[in-house]
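**Student:** From first to last, the protein sequence lines stand for chains W and C. Under our numbering, the first residue of the first sequence is numbered 1, with each subsequent residue one higher. Under our numbering, the first residue of the second sequence is numbered 1001, with each subsequent residue one higher.
FYI, nobody ran anything at the bench for these hints, they're computed from the structure. Keep in mind it's a predicted model, so treat the numbers as computed, not measured. Each residue gets a CB set at the ideal place from its N, CA and C atoms; glycine is no exception. Incorrect hints may appear among the rest.
Cβ-Cβ distance ranges computed for the label pairs, FRET-style [what the hints assert, rightly or not]:
| id | chain 1 | residue 1 | chain 2 | residue 2 | range |
| --- | --- | --- | --- | --- | --- |
| 1 | C | Gly1106 | W | Glu12 | 14 to 24 Å |
| 2 | W | Val97 | C | Pro1119 | 24 to 34 Å |
| 3 | C | Leu1146 | W | Arg33 | 35 to 45 Å |
| 4 | W | Val77 | C | Arg1168 | 24 to 34 Å |
| 5 | C | Glu1149 | W | Lys108 | 34 to 44 Å |
| 6 | W | Ile30 | C | Gly1068 | 25 to 35 Å |
| 7 | C | Pro1119 | W | Asn105 | 22 to 32 Å |
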Amino acid sequence: MLENQSLSIPLEAYLLLASLLFCIGVWGLINSRNAVRVLMSIELMLNAVNINLMAFSAYLDGDLIRGQVFTIFVITVAAAEAAVGLAILLSLYRNRVTVDMESFNLLKW
Amino acid sequence: MNIANSTELICFLVLSIIVITGSLGVVLLSNIVYSAFLLGGVFMAVAGLYLLLNASFVAAAQVLVYVGAVNVLILFAIMLVNKKEELKPIKGLQIRKVLSAGVCAGLLALLIRVDLTTPWNLPGPSAIGEKATERIGEHLFTDYLLPFELASILLLMAMIGAIVLARRDVLVNDVGTGESVDQGLIEKTTNPILIDKRSTS
């Protein structure tokens, strides 16, 4: 097993790191009052998912590295999401002159 | 445990400490500019983790796209909207934070339990190592060709959508004739619409 050199770190270590990062992202998504920080938390969560995919791809998928391909697609979608999200944020800021999430309640009854 | 393994372990520990403390800083720091720079650090550390997993192409894509594009975009957005503002205090904010922290801790416990109790099929087939970049190219142009083309259309849509959403229409002169444009027809609100029920009623 010359090629399986990355097994000195257990797979579970990567999974634990990814779940911790994901939970931090969820907490930030719920509790941030600055809309830019909400977008940053979404990026953190996407990165946690990417770490999971990459770890599974390296440990369980052999030479069909489908996890890496999926990670590339996730990175693409994350870039598109960041662009559109920040454009929406700018448009909101122009209309409400604030980035406070609590004041974006136009669609709330 | 030879020296390569221990070096890898030390690298993993350092990178995960950077990731966790950096993401905590992103979420918890009050200055949003510091948060944005820490987010760049977290992205770089995640790219380092990808290098540890023998995925050099994805690590390069992570650095280029996340650090080079997304993080810079976030910094520009912060510069555009960074007005010092006093956030209105909300009743029960602390309780809300504690409750959501509890929910997130529950989610974390669930995920950790799944991580540790699932019998993963280890050791799997031997990893591909340095040939990963070629294999990704083969995947993208054979069996993942349709998602690849869809991703390009998605990026085009996101670009046009972002331009349409974020532009501000101020045309003083008509582009073709040079006459002054009837400004009443163009949406160019300079005074913001502040619909705040609490202040008006």
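**Student:** Any hints this thing doesn't respect? Which numbers, in order?
**Tutor:** Hints 2, 7 not satisfied by this model.
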